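> Construct the complete structure from the given sequences, taking the supplied hints into account.
For the protein sequence lines, the chains are A and E, in the order given.
Letter 35 of the first sequence, counting from 1, is numbered 35 in my numbering, and no numbers are missing.
Letter 28 of the second sequence, counting from 1, is numbered 28 in my numbering, and no numbers are missing.
Rather than coming from a laboratory, the hints here were simulated on the basis of the structure.
Computed from a predicted structure; not experimentally measured.
Incorrect hints may have been included.
As the list claims (entries may be wrong) - Among the chain E residues that face chain A by a calculated CB cut under 8 Å, a handful are: (1) 81; (2) 92; (3) 98; (4) 99; (5) 100; (6) 101; (7) 112; (8) 119.
To be verified - Derived contacts from chain E toward chain A, CB cut-off under 10 Å, selection only: (9) 58; (10) 60; (11) 80; (12) 84; (13) 87; (14) 94; (15) 96; (16) 97; (17) 105; (18) 106; (19) 115; (20) 118; (21) 120; (22) 122; (23) 146; (24) 253.
Glycine residues also receive a C-beta, built at the ideal position from the N, C-alpha and C atoms.
Each chain, written out:
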Amino acid sequence: MSVEADRLVGRLAGFKISSDALHKLSALFTLFMLVALFAFGNAAFLSVGNGLTVLLQTSVIGLLGIGMTLVIVTGGIDLSVGSVLALSGTVAGLAVKAGIPVPLGMAMGIGVGALCGAVNGIVITKMRITPFVATLGMMLMARGIALQITGAAPISQLGEAFGRLGNGSLFRVIGMGANGLPKVIFPGIPYPAILLLVVAVAVAFMLRRRSIGRHIYATGSNEEAARLSGVEVDRTKFVAYVMTGALAGLAGIVLMSRLVTAQPNEGVMYELDAIAAAVIGGASLMGGVGTVSGTMIGAFIIGVLRNGLNMAGVSAFIQQIIIGFVVIMAVYVDQLRSRR
Amino acid sequence: MNAQVSKLQPLVEMIDIQKSFGGVHAVEHVSVDLFPGEVVGVLGHNGAGKSCLMRILSGAMTPNTGRIRIGDEDVRFLSPQDARRKGVEAIYQTLALADHLDAPSNLFLGRELKTRWGNLDDRKMLEEARRILHRLNPNFKNLSDPVSQLSGGQRQVIAIARAIYFNVKILIMDEPTAALGPAETAMVADLIRQLRREGIGIFLISHDMHDVFDLCDRIVVMNRGRNVGAYHVKEVTKDDVLSLIIKGEMPDGWRPRDAASRLQPGLDSN
Chain A
1 MSVEADRLVG RLAGFKISSD ALHKLSALFT LFMLVALFAF GNAAFLSVGN GLTVLLQTSV
61 IGLLGIGMTL VIVTGGIDLS VGSVLALSGT VAGLAVKAGI PVPLGMAMGI GVGALCGAVN
121 GIVITKMRIT PFVATLGMML MARGIALQIT GAAPISQLGE AFGRLGNGSL FRVIGMGANG
181 LPKVIFPGIP YPAILLLVVA VAVAFMLRRR SIGRHIYATG SNEEAARLSG VEVDRTKFVA
241 YVMTGALAGL AGIVLMSRLV TAQPNEGVMY ELDAIAAAVI GGASLMGGVG TVSGTMIGAF
301 IIGVLRNGLN MAGVSAFIQQ IIIGFVVIMA VYVDQLRSRR
Chain E
1 MNAQVSKLQP LVEMIDIQKS FGGVHAVEHV SVDLFPGEVV GVLGHNGAGK SCLMRILSGA
61 MTPNTGRIRI GDEDVRFLSP QDARRKGVEA IYQTLALADH LDAPSNLFLG RELKTRWGNL
121 DDRKMLEEAR RILHRLNPNF KNLSDPVSQL SGGQRQVIAI ARAIYFNVKI LIMDEPTAAL
181 GPAETAMVAD LIRQLRREGI GIFLISHDMH DVFDLCDRIV VMNRGRNVGA YHVKEVTKDD
241 VLSLIIKGEM PDGWRPRDAA SRLQPGLDSN
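Put into structure tokens, the structure is as follows:
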């Protein structure tokens with residue numbers, strides 16, 4: 001369906017489109033088809049409130065997906081982001097519970113995420129352990145630490161300030177209702193969505209316009225060539241894993257803030273959603289290929305699917321089946337195109 | 001006068017280089033030198049140690065023992081970056097290109113041009129790449145396509161351009177024509193002659209005897225990690241060289257064809 005659309009677009013435009021842009025167009029087309037489909041099925045799907053809900057729900061997967069894109073482009077993978085998210089969130093929660101100011105506690109959470117990423121980076125570049133195994137180990141360790149330090153119990157009553165990042169919003173407009181009570185005219189753009197946008201723009205800029213970004217692509221494209229060209233391959237990978245860890249930490253505090261509870265059991269299997277978002281968005285697990293914008297589209301495809309299927313009353317199990325199918329189709333369509 | 005003096009001093013001397021991997025002696029106590037404006041062919045079987053020796057010079061490998069002298073100074077290369085700072089550039093057999101990046105990105109990989117703010121200056125890199133690549137091949141197009149979509153000849157042009165653009169003094173070429181058609185091979189041969197005229201020293205690894213006798217001033221033959229002979233090309237025949245490569249020694253009763261030229265390495269005319 002979307003392949004046909006690509007060809008049509010390419011032919012109509014009458015000029016050559018790079019395969020990267022083509023993939024993004026087809027993913028975007030898929031996203032619009034989904035939105036149209038769900039809107040047709042349920043009028044409430046297109047409401048402002050639901051749109052903002054999708055934004056909010058997607059922001060966590062989006063943040064994880066952006067980080068995942070970085071390591072996937074280097075030719076690696078990070079299976080630990082879901083656990084690191086939980087560890088970062090619980091560390092932030094514990095810190096705030098212990099009386100540390102909220103911004104500082106949250107910074108500590110992000111710091112713990114970056115630290116986990118740094119350990120991943122060192123294990124991969126210095127101990128020469130494959131990213132899959134190294135981050136699998138970190139996945140178990142980070143989850144174990146999160147459960148250990150909290151005694152496997154959620155930390156609640158963290159205060160209103162802790163919840164502001166996840167629940168607050170910008171441009172919230174409240175008017176006076178006819179009955180004299182306050183009435184929400186526009187619920188505002190949630191902070192997590194703004195955060196996601198800022199992070200996406202910053203990381204996309206880094207990948208495109210900074211030499212570290214170029215080196216990330218070169219490392220994933222041909223590691224030996226990059227090394228012989230003078231790229232510090234190990235440093236490049238290390239930086240990528242640290243950033244991925246820090247973004248997982250950021251996603252963790254956003255999520256825990258939204259729940260106003262630090263949950264050591266949160267984020268199980270989130271790494272798979274993040275990988276799916278990157279892959280749907282055109283990233284190649286062979287390395288060298290992938291963009292932030294593609295991953296964002298991928299994250300929103302997953303977010304819209306989840307939201308739309310929920311509203312249609314489809315069970316969570318069926319949702320998994322559908323998302324799994326979408327991942328396989330996205331990669332298959334991409335392969336068809338590159339074989340052409 | 002100055003040129004004459006500099007010709008008598010080697011650009012680079014590799015002295016008593018030794019490299020082994022576990023129990024395997026890849027390079028055993030090899031010494032070679034290279035003068036300005038000279039092309040030295042490095043010959044030998046696959047696995048004779050020639051690529052290994054050249055990787056040591058290019059900084060991609062570090063020797064166990066031995067010295068490298070460039071000009072008057074002992075150097076120690078821990079990375080290709082180090083070697084590059086001393087004007088040593090290499091074109092590898094595998095071409096060493098990042099397939100997903102375009103020609104300008106590959107050309108400037110590891111030494112990107114940047115704007116005042118430290119951002120990548122892609123426009124300038126594109127302009128420079130166009131200028132450089134067109135000098136080597138006026139038909140070069142597709143500057144913004146990933147290099148995986150380019151022909152073998154175009155990829156070779158990028159690899160060569162990357163080596164010669166940045167102030168090269170010593171150039172290592174590992175089988176530069178192995179993947180090329182006749183026209184492109186002739187282009188590379190012309191380029192080697194031009195670089196030699198500019199006073200650049202070139203180590204040429206090749207299996208093609210025609211290329212070797214056509215382009216090289218001297219040859220160094222390696223066999224099982226040892227240097228089994230260094231000769232001026234005028235001293236030897238193809239059969240002599242083949243004997244050195246295969247058996248590691250000259251044919252019985254061998255004598256130099258033209259002994260006089262042996263005394264003046266690097267003073268060959270073009």
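> State for each hint whether it applies.
Hints and how they fare:
1. 81: holds, 5 Å
2. 92: Since the shortest Cβ distance to chain A is 6 Å, the answer is holds.
3. 98: Residue 98 of chain E check passes; min Cβ-Cβ to chain A is 4 Å, inside 8 Å.
4. 99: holds, 5 Å
5. 100: holds, 4 Å
6. 101: Residue 101 of chain E check passes; min Cβ-Cβ to chain A is 6 Å, inside 8 Å.
7. 112: holds, 5 Å
8. 119: Residue 119 of chain E check passes; min Cβ-Cβ to chain A is 5 Å, inside 8 Å.
9. 58: Because about 8 Å separates residue 58 of chain E from the closest Cβ in chain A, which is inside the 10 Å limit, the hint holds.
10. 60: Cβ of residue 60 of chain E sits 6 Å from chain A, so the hint holds.
11. 80: At 5 Å from the nearest chain A Cβ, residue 80 of chain E passes the 10 Å test, so the hint holds.
12. 84: Since chain A brings a Cβ to about 6 Å from residue 84 of chain E, closer than 10 Å, the hint holds.
13. 87: violated, 14 Å
14. 94: holds, 7 Å
15. 96: holds, 4 Å
16. 97: Interface hint status for residue 97 of chain E: holds (6 Å vs cutoff 10 Å).
17. 105: Since chain A brings a Cβ to about 6 Å from residue 105 of chain E, closer than 10 Å, the hint holds.
18. 106: With Cβ-Cβ at 8 Å, under 10 Å, it holds.
19. 115: holds, 9 Å
20. 118: holds, 7 Å
21. 120: holds, 5 Å
22. 122: holds, 8 Å
23. 146: holds, 8 Å
24. 253: Because about 44 Å separates residue 253 of chain E from the closest Cβ in chain A, which is outside the 10 Å limit, the hint is violated.
Violated hints, listed in ascending order, are 13 and 24; each of the other numbered hints is respected by the structure.
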